[in-house]
Structures are given as C-alpha cells and as structure tokens.
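Colleague: Sequence:
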Amino acid sequence: MQRTVTAMAEVPQPLLQAYSALPDTYDELLDASGNPREKYKFLLNSYQEIGEAELELRQRELARLLKENGVTYNVYGNQDEKARLWSLDMMPYLMESTEFSALERGLLQRGELLNTLFKDLYGPRRLLFDRVVPPEVVFAAQGFLRPCHNLYQNRERELLFFSCDLARRSDGTFVVIGDRSQAPSGTGYALENRIALSRVFPSLYRDSEVHRVAMFFRGMRKALSALPRARENREPVIVLLTPGPENETYFEHVFLAGYLGYTLAQSTDLTVRANRVYLKTVEGHQQVDVVLRRTDDQFMDPLELRGDSLLGVPGILEAVRSGNVSVVNPLGAAVLENRSL
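With the sequence shown counted from 1, adding 5 to any position gets you the working numbering.
Hints were generated in silico from the structure; no laboratory data involved.
Worth double-checking, as some hints may not be accurate.
Said to hold, decoys possible - In silico SDA-like cross-links for lysine to any residue, where the CA-CA straight-line distance does not exceed 25 Å: (1) K44 <-> L21; (2) K44 <-> R174; (3) K44 <-> A26; (4) K124 <-> K285; (5) K227 <-> L284; (6) K285 <-> L315; (7) K44 <-> E104; (8) K227 <-> E240.
Said to hold, decoys possible - Per label pair, the in silico range of CB-to-CB distance: (9) L346 <-> A231: 23 to 33 Å; (10) F179 <-> N238: 37 to 47 Å; (11) E323 <-> E104: 42 to 52 Å; (12) P28 <-> V180: 12 to 22 Å; (13) V180 <-> D94: 17 to 27 Å; (14) P319 <-> S208: 48 to 58 Å; (15) P319 <-> N79: 24 to 34 Å; (16) D94 <-> G56: 17 to 27 Å; (17) N79 <-> D170: 26 to 36 Å; (18) P319 <-> Q147: 18 to 28 Å; (19) R69 <-> T121: 45 to 55 Å; (20) R204 <-> S106: 23 to 33 Å; (21) T121 <-> E251: 34 to 44 Å.
Even for Gly, the Cβ is constructed at its ideal location relative to N, Cα and C.
Given these sequences and hints, build the entire structure.
Modeller: Structure, rendered in structure tokens:
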C-alpha cells in the first residue's frame, strides 16, 4: 500500500521495451494506452537511475538476505527441494491509499459477514431454517465440526483473523475468489518481504512513503491479549501452535512467534489437565490462556476430531467448552472456506 508520488520525469522507454500488457485484462503496470500508471512512475524512474548492473547486484543481495534469514517455503512431495528458498521479486505490488481504502471497506464488511455466518452455523442456524443456505452445503462439508455446536455464542466476535484470495476484473475492480479462515498465513512473509526490500533499497523505500505494517501486528497482539482468560489480573500466556518443521510455512511460525514475543509450541509441548491447557516448561506446567494455531481444524484434537492426528492436543476442545482457553481462529472455522457458501 503506497501513497501517490509524483514523478519528476517520464519513464524512460528502454526499461519497458520487453514488456507489454495482455489483451482484455487489467494490467497493474500499464494503463489502457500502454503508458505506466502514475503510482509506478516514481519506482520505474528510480530503477532506471540505478541501472541494470546495480539492480542485478541488489537482486543477488536480496537473495543472500533471504537465505541468511532462513526464509523458506517447504514443498510437499519434492525430496530434491523440500525447503525451497523464498522467492521475492524486486518489483513490488503498489496500491494507492485511496484505492486500498475502498478495498479495505469491502474486506471489513466481508469479515463481519463471515463472523456472523460462523456464529449462526454453530448456533441457531437461521440460514438453514429459513432455507437461505441448503443444509447439505453445511453438513456435508469437511470443514463443519459437529462437536462445536453452540460453542461460540458468548462473544460478539469469534473470527479474529481471515484472509482472502483476490483477483481483478478487466475493469480494475476486485473480486474475492477464496477465503482463508481456519489458520490464515502470509503475514510473516509479508513482514519479511518489507524488511528485506527496505535493506536493499533503503532510500527508495523511505522516499516512497510506504505505509507501515507494524500497526497490524500491534492490533493483532491487542486482540489476542483482550481475549477472556481463566485467571484475571495477570498477563495472558499466549502460545503459537505449529504442526512442526515439516509444515510448508514453518518459517513463518518461527518468525511470528519471535516477532510477537509468543512461545512457539508443538502438540507435545502442551497438555490438558482438568480441562485446562498447560505448557510444559523446565519449571513445571504453565497454564495457557490463548492458543494461536497454525494447525488445521481436523488435527487439533485426536479425542474428538481426527483420531489419528499427532499434531493436536488431546482434550483441547473440552478445554474450549469449559472457557479455560481461547483458540484462534476458533475450531470449526474451516467451514467458511467452503466455496458453496
């Protein structure tokens, strides 16, 4: 997301000689006349001034930074390249503040809708009784968890985070083509991308007046800390639950846990006693208030969900029912990823 920066000169054409827009599509870089969009002119002029040779050096520097920081995306079923180095292009995706504001309003409305839909499907089910949604769309979906019925009616907002897959129509308007609600990922990679690019292009990054993403993470920490906990008048104990190093986004789990100051835990690090979740430490068991999970719904509790799961915590669903722990996003949120809805 970026404010508009007025270029001092037209973009030199040699930089765009090998580039052309596809017909009948919205091109992010070029307008309908084939000229660079205003928001990209400053960036293109800056790259032209830097020069091709220097850009190649900075591309190598960018790859070195990502490798040194261990930024990877694990690939399932590929033994030759199981931990693939994160790929980051030096050409960022730019969005002006006014353009993002309209998109933001739509996403906020969508978030409210998904939260209301989630609470209804696991509560009164008015949408089913009123025949707005066919019952088979819900009950036949893998993401619907029957053990979670009537579990989410006490709080106004249960769905704290979600992400969307977006696409542009040919007229430039955005459409949502998919929702990610059970364990949305990508924020850690976005933050790492910003950090790496700001080191490779420090002056360009500063002069472009880029909006910071720190506010999002501050809001994230505030939202998690405000969740109800079994014991008041103390700082909440929050853990980030990861499936482990074999997960495709394991780097992000480690990175976010360190950045947010949370304990990174696997299922074997947690235990449930008397319907309370505890973290195993060298000093004994420490009660956990919030579990920020990156484990899919079905694997979270082998006692009530998928019995062969080694990634979940036995009894955690009963701990949620008892109000002794909050799981974010709530168990059963995968039902919102059903495209039939």
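Colleague: Each hint needs a verdict: does it hold in this structure or not?
Modeller: These are the hints, each one checked on the structure:
Only pairs whose Cα atoms come within 25 Å are accepted, and K44 paired with L21 is accepted, the gap being roughly 16 Å. Only pairs whose Cα atoms come within 25 Å are accepted, and K44 paired with R174 is accepted, the gap being roughly 19 Å. With a C-alpha separation of about 17 Å, the suggested pair K44 and A26 falls inside the 25 Å cut-off, and the hint holds. Distance restraint check for K124 and K285: the Cα-Cα separation of roughly 33 Å exceeds the 25 Å cut-off, and the hinted pair is therefore not satisfied.
For the given pair, K227 sits about 22 Å from L284 by alpha-carbon distance, which is consistent with the 25 Å threshold. Of the pairs offered as hints, the one joining K285 and L315 holds, with about 17 Å between alpha carbons and a cut-off of 25 Å not exceeded. For the proposed pair K44 and E104, the alpha carbon gap of about 11 Å is at most 25 Å, so the pair holds. Note on K227 and E240: the hinted pairing holds, with a Cα-Cα distance of about 12 Å set against a maximum of 25 Å.
The beta-carbon spacing between L346 and A231, approximately 28 Å, falls within the hinted interval of 23 to 33 Å. Take F179 and N238: their Cβ atoms lie about 45 Å apart, and the range 37 to 47 Å holds. At roughly 46 Å, the beta carbons of E323 and E104 sit within the given window of 42 to 52 Å. The hinted range of 12 to 22 Å is satisfied by P28 and V180, whose Cβ atoms lie roughly 20 Å apart.
A hinted range of 17 to 27 Å holds for the C-beta pair V180 and D94, which are about 24 Å apart. Checked against the hint of 48 to 58 Å, the pair P319 and S208 passes, with Cβ atoms roughly 54 Å apart. Range check, P319 to N79: Cβ separation about 26 Å, and the 24 to 34 Å hint holds. Between D94 and G56 the beta carbons are some 18 Å apart, a value that agrees with the proposed interval 17 to 27 Å.
At roughly 20 Å, the beta-carbon separation of N79 and D170 lies outside the given 26 to 36 Å, and the hint is violated. Range check, P319 to Q147: about 21 Å between beta-carbon atoms, so the 18 to 28 Å window is met. R69 and T121 have their C-beta atoms about 47 Å apart, which keeps the hinted 45 to 55 Å range intact. Distance hint check for R204 and S106: the Cβ-Cβ separation is about 29 Å, which falls inside the suggested range of 23 to 33 Å.
Checked against the given bound of 34 to 44 Å, the beta carbons of T121 and E251, roughly 36 Å apart, stay inside it.
When the structure is compared with the earlier hints, violations turn up for hints 4, 17 and for no others.
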